[in-house]
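Given chain A, work out where chain B should sit, using these hints.
What follows is the residue order along each chain.
There are 2 protein chains.
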Amino acid sequence: MITRDLEELTAAASDAGADPGLGRPELRASLLSGIAAAMRERGEEIVAVARRESHLAEARIRGELERTARQLEMFAGIATDGDFHDAVIDLPDPDAKPIPRPDLRRARLPRGPVAVFGAGNFPLAFGVAGGDTASALATGSPVISKSHSGHTGTDELVATLIDEVIADVGLPTGTHSLLHTGHDGAGELVRAPEVTAVAFTGSTAAGLTLAGHAADRDAPIPVFAEMGSSNPAVVTPGAAAERPEEVASLLAGGIINSAGQLCTKPGLVLVPAGPAGSAFADALAAQVAAADAGPLLSAGISDRYDSSVEEMDAISELTPLSGEDRDRPDGDATPHLWSTDVASASSIDRIREEVFGPAAVLIRYEDATELLSFLGGTEGQLSASIFSEESEAELRQGLVDRLTPICGRIVFDAPTTGVAVCMAQQHGGPYPATLDDSYTSVGGRATDRFVRPVAFQDCPDRFLPAALRDENPLGIWRLVDGRRTRDPITRG
Amino acid sequence: MITRDLEELTAAASDAGADPGLGRPELRASLLSGIAAAMRERGEEIVAVARRESHLAEARIRGELERTARQLEMFAGIATDGDFHDAVIDLPDPDAKPIPRPDLRRARLPRGPVAVFGAGNFPLAFGVAGGDTASALATGSPVISKSHSGHTGTDELVATLIDEVIADVGLPTGTHSLLHTGHDGAGELVRAPEVTAVAFTGSTAAGLTLAGHAADRDAPIPVFAEMGSSNPAVVTPGAAAERPEEVASLLAGGIINSAGQLCTKPGLVLVPAGPAGSAFADALAAQVAAADAGPLLSAGISDRYDSSVEEMDAISELTPLSGEDRDRPDGDATPHLWSTDVASASSIDRIREEVFGPAAVLIRYEDATELLSFLGGTEGQLSASIFSEESEAELRQGLVDRLTPICGRIVFDAPTTGVAVCMAQQHGGPYPATLDDSYTSVGGRATDRFVRPVAFQDCPDRFLPAALRDENPLGIWRLVDGRRTRDPITRG
Chain A
1 MITRDLEELT
11 AAASDAGADP
21 GLGRPELRAS
31 LLSGIAAAMR
41 ERGEEIVAVA
51 RRESHLAEAR
61 IRGELERTAR
71 QLEMFAGIAT
81 DGDFHDAVID
91 LPDPDAKPIP
101 RPDLRRARLP
111 RGPVAVFGAG
121 NFPLAFGVAG
131 GDTASALATG
141 SPVISKSHSG
151 HTGTDELVAT
161 LIDEVIADVG
171 LPTGTHSLLH
181 TGHDGAGELV
191 RAPEVTAVAF
201 TGSTAAGLTL
211 AGHAADRDAP
221 IPVFAEMGSS
231 NPAVVTPGAA
241 AERPEEVASL
251 LAGGIINSAG
261 QLCTKPGLVL
271 VPAGPAGSAF
281 ADALAAQVAA
291 ADAGPLLSAG
301 ISDRYDSSVE
311 EMDAISELTP
321 LSGEDRDRPD
331 GDATPHLWST
341 DVASASSIDR
351 IREEVFGPAA
361 VLIRYEDATE
371 LLSFLGGTEG
381 QLSASIFSEE
391 SEAELRQGLV
401 DRLTPICGRI
411 VFDAPTTGVA
421 VCMAQQHGGP
431 YPATLDDSYT
441 SVGGRATDRF
451 VRPVAFQDCP
461 DRFLPAALRD
471 ENPLGIWRLV
481 DGRRTRDPIT
491 RG
Chain B
1 MITRDLEELT
11 AAASDAGADP
21 GLGRPELRAS
31 LLSGIAAAMR
41 ERGEEIVAVA
51 RRESHLAEAR
61 IRGELERTAR
71 QLEMFAGIAT
81 DGDFHDAVID
91 LPDPDAKPIP
101 RPDLRRARLP
111 RGPVAVFGAG
121 NFPLAFGVAG
131 GDTASALATG
141 SPVISKSHSG
151 HTGTDELVAT
161 LIDEVIADVG
171 LPTGTHSLLH
181 TGHDGAGELV
191 RAPEVTAVAF
201 TGSTAAGLTL
211 AGHAADRDAP
221 IPVFAEMGSS
231 NPAVVTPGAA
241 AERPEEVASL
251 LAGGIINSAG
261 QLCTKPGLVL
271 VPAGPAGSAF
281 ADALAAQVAA
291 ADAGPLLSAG
301 ISDRYDSSVE
311 EMDAISELTP
321 LSGEDRDRPD
331 GDATPHLWST
341 DVASASSIDR
351 IREEVFGPAA
361 VLIRYEDATE
371 LLSFLGGTEG
381 QLSASIFSEE
391 SEAELRQGLV
401 DRLTPICGRI
411 VFDAPTTGVA
421 VCMAQQHGGP
431 YPATLDDSYT
441 SVGGRATDRF
451 VRPVAFQDCP
461 DRFLPAALRD
471 ENPLGIWRLV
481 DGRRTRDPIT
491 RG
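Protein sequence lines, in the order shown, are assigned to chains A and B. Quick note on numbering: the first sequence equals residues 1 to 492 in the numbering used here. Quick note on numbering: the second sequence equals residues 1 to 492 in the numbering used here.
Since the hints were derived computationally from the structure, they do not count as laboratory data. Don't take each hint at face value.
[What the hints assert, rightly or not] Negatives, chain A to chain B, calculated, CB over 10 Å:
| no. | residue |
| --- | --- |
| 1 | 152 |
| 2 | 163 |
| 3 | 164 |
| 4 | 170 |
| 5 | 185 |
| 6 | 186 |
| 7 | 191 |
| 8 | 286 |
| 9 | 320 |
| 10 | 327 |
| 11 | 367 |
[Unchecked claim] Chain A is faced by these chain B residues, among others (derived, beta-carbon under 10 Å):
| no. | residue |
| --- | --- |
| 12 | 383 |
| 13 | 427 |
| 14 | 451 |
[Claimed, not checked] Computed footprint of chain B on chain A, listed as stretches where at least three residues anywhere in the stretch have a Cβ under 8 Å from a Cβ of chain B:
| no. | region |
| --- | --- |
| 15 | 84 to 90 |
| 16 | 419 to 425 |
Don't be surprised by glycine CBs; every beta carbon is placed ideally from N, CA and C.
This is chain A alone, in the form it adopts within the complex (with noise of 0.2 Å):
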């Protein structure tokens, strides 16, 4: 439903959950697989809506709508497949010592009513149809989507068609809803007591402020919040010296792409000193110089953006290698690069933070013990690159086991924008990248967030969660006594 009031919106979400129908399967599946075809069918619509209120271009938005409707397809499997529910099985064992054992079982339960706050540059994949509440929903948690500035049509349009497929399927309509709201609304949202759990994805301010709301509630709930990051990409002596376009290029496609606009936009890149660093970065400055990064989302986004590169310019340790050089079509974002070394970077705090937009920080290093220590000092990262060659085996090592502790994803030889969603992927890193790191907001194991482990012990059969019962009615893969296993259980 598309709703202004709060109340009315986390009742019905409340209900949902509690509805049968939301612990059964297939209609989980059947709902997301019918919002994806959803989404397909009226697609032109969605993509000259989006277009209008983002400026993305054509081909970004329709990439995008495939995107994120096989993302919906993908969760319908996992609403079947129920490996979210990690069910595990322990069956009385009389002889345990020191105590007799009883039937213990576990299972990942849904939480309920979800808070979805969707990302200003994903109207569509990272939106009220996106990852965050095909996730949830696969679970059976229901949703509430705030719907955002940037693209309050785009919103109401799937919000629209999601209502249709919800009323087809059979499902209640408290499954989903979009909450049209401000700021105020939103804190509102967070601290309703029905609410178990909020998914975001945006700017740290807004990440700590729905944080901070949470911490306020009588019983504070988890905020999975994704708030980006700088996403160091490395590029070694070796990288360098033997194939510095093609490098390059893979990094000025990272940091153009969608006008810089992705939370795993390369924001710092460490080059070599020397000449072969200084070559790479006249051929990195070039391409970046010379390509059209487009407008950018919003009018607030491209002040922000002017506001930032103006900060940049003023640090006095920071060398413009690129920036006003020539004309742009009408709003066009002008992209910038700057140039600096690993002693100063170190001392400019102005650096660590992201600047929105298609922008990036060249910083030179001497050799690999300055480059390792400085990463070692760098703060958690959704994302890192690595540009090596073979030859380099012991950097290569190196360099994983310094970005290890402290990123989500590391890339070689590629830059870290284009997340693939799949069941690998993991899109979540150190504080401040997200404030859980144990959780990834794109790729199959995005259910993760929005169960709860409960234990059934010595419980009859008929008042276990389905997941759980003997016969295995959902058919899913358990471990029980140890054993994988998708057998029903017969006992003795």
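Positioned in the frame of chain A, the structure of chain B alone reads:
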């Protein structure tokens, strides 16, 4: 190592975490089973010291020693089965839409040094070699145990055994350390940059203090705090009528065992109004009055118990059912029961706080509606019990539906005490029972707290963590292109 020097200790723990030794499952398994063997071998000495420090009964401490040893052995198995890695591999798919998919591999890897704050009421099972330490070491995370003021001697003895086993197995000294310190040192430990997670069992106040220290860090870390609960026990009209003595005996045991100093002690007992309920209440009061509770853990806990009893006695809506009724052995705690009704209970905040010791409150309910409504408004709990009859199917279903959202574990026909250590156990529930209800601190899944997912994209095989390498050198179960397998990967 055993020390008072925090910096020495955190540096050693950090080194141990980076050492390849802890990355080898068979060494971790040898460590854990070695500690179990050493504890059994020195069992008499450990039992003597732990009894002297805790005043717990000999049988209880002997049982706890065996439980602790078996728990270590269970985690030795978990160290090698590698399930906690949740290894997922998606092989490249050049035909994926909207963009080709790279090689993506995701595994949960050890966070790094973990600070463990054990509990006063379980000097062994939640002590220096208890479940938190065992589950952290199983993943390869080094442990820094803070010595507990209630059982410093036990801690020191066990830590010495651990040091010996670490040396025997050939792991780094910093794999486990014992820190002797007070409250200030505890805060410094949580704020130490090398510490990546905190595991705590104890009071709400102490848990929240540690969480405050963690939030004060530049980069916050997770605090897995288990802070106790009231563990409501529901006696249905059927159970009260059909088998009052049996249920009273089970519940009296739960209230009295270990002098009521268990985080799963049933602190609230829901009993029907009317004659059958009254007869049950009388039976329970008689059994509690007749039982010997034994002495409390310490003079401090005894003082706090006495003050709690005074506070409860002063509440006019609470009728004492059991209390100072007979002479007890010197130093033994006097069990206490009070009775009230749902209407009064809802307005008395004090009864929602745990009374640590052999005491409980009976709450008389008029009918199923009043009972379910009361439970629906109850705060988060570790566990809850249902004593009922087969004929009460509708009420049983209603109880399961109401208790599931607020509990970590639902127990049929037994008190909530007696937490079996097995894969399906869940010891953790919604706030305020724990700070993060996604996790358990008892049972095989306790490892989940100390690992964090990292994805590797197009990473050359030799730089991948062992869990993700083609040949599957750990021999663990993995999800490869959606299929569960232990087979190695042969790249085309």
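Hint by hint, here is what the structure shows:
For residue 152/A, the non-interface assignment is confirmed: its Cβ lies about 25 Å from the closest Cβ of chain B, beyond the 10 Å cut-off. Separation of residue 163/A from chain B is adequate, the least Cβ-Cβ distance of about 26 Å exceeding the 10 Å criterion. For residue 164/A, the non-interface assignment is confirmed: its Cβ lies about 25 Å from the closest Cβ of chain B, beyond the 10 Å cut-off. At roughly 21 Å from the closest C-beta of chain B, the C-beta of residue 170/A stays outside 10 Å, upholding its exclusion from the interface.
Residue 185/A, annotated as away from the interface, keeps every beta carbon of chain B farther than 10 Å; the closest lies near 24 Å. Chain B leaves residue 186/A outside its interface by the beta-carbon criterion, the shortest separation being 22 Å against a cut-off of 10 Å. Even its closest Cβ contact with chain B, about 14 Å, leaves residue 191/A beyond 10 Å, as expected for a residue assigned away from the interface. At roughly 26 Å from the closest C-beta of chain B, the C-beta of residue 286/A stays outside 10 Å, upholding its exclusion from the interface.
A cut-off of 10 Å between C-beta atoms confirms that residue 320/A is not in contact with chain B; the least separation is 30 Å. In this structure residue 327/A is separated from chain B by more than 10 Å, as the shortest Cβ-Cβ distance comes to about 31 Å. Every C-beta of chain B lies more than 10 Å from that of residue 367/A, the closest at about 20 Å, which supports listing it as non-interface. Hint status for residue 383/B: holds, given a least beta-carbon distance of 8 Å to chain A, under 10 Å.
The beta carbon of residue 427/B comes within 8 Å of a beta carbon in chain A, closer than 10 Å, and the hint placing it at the interface holds. Interface hint status for residue 451/B: upheld, as the beta-carbon distance to the closest one in chain A is roughly 8 Å, under 10 Å. Beta-carbon proximity to chain B at under 8 Å applies to 4 residues in the region 84 to 90 of chain A; the threshold of 3 is reached and the given coverage holds. A count of 5 residues in the region 419 to 425 of chain A with a Cβ less than 8 Å from any Cβ of chain B is obtained; the coverage claim is therefore met, three being the minimum.
Checked against the numbered hints given earlier, the structure satisfies every one of them.
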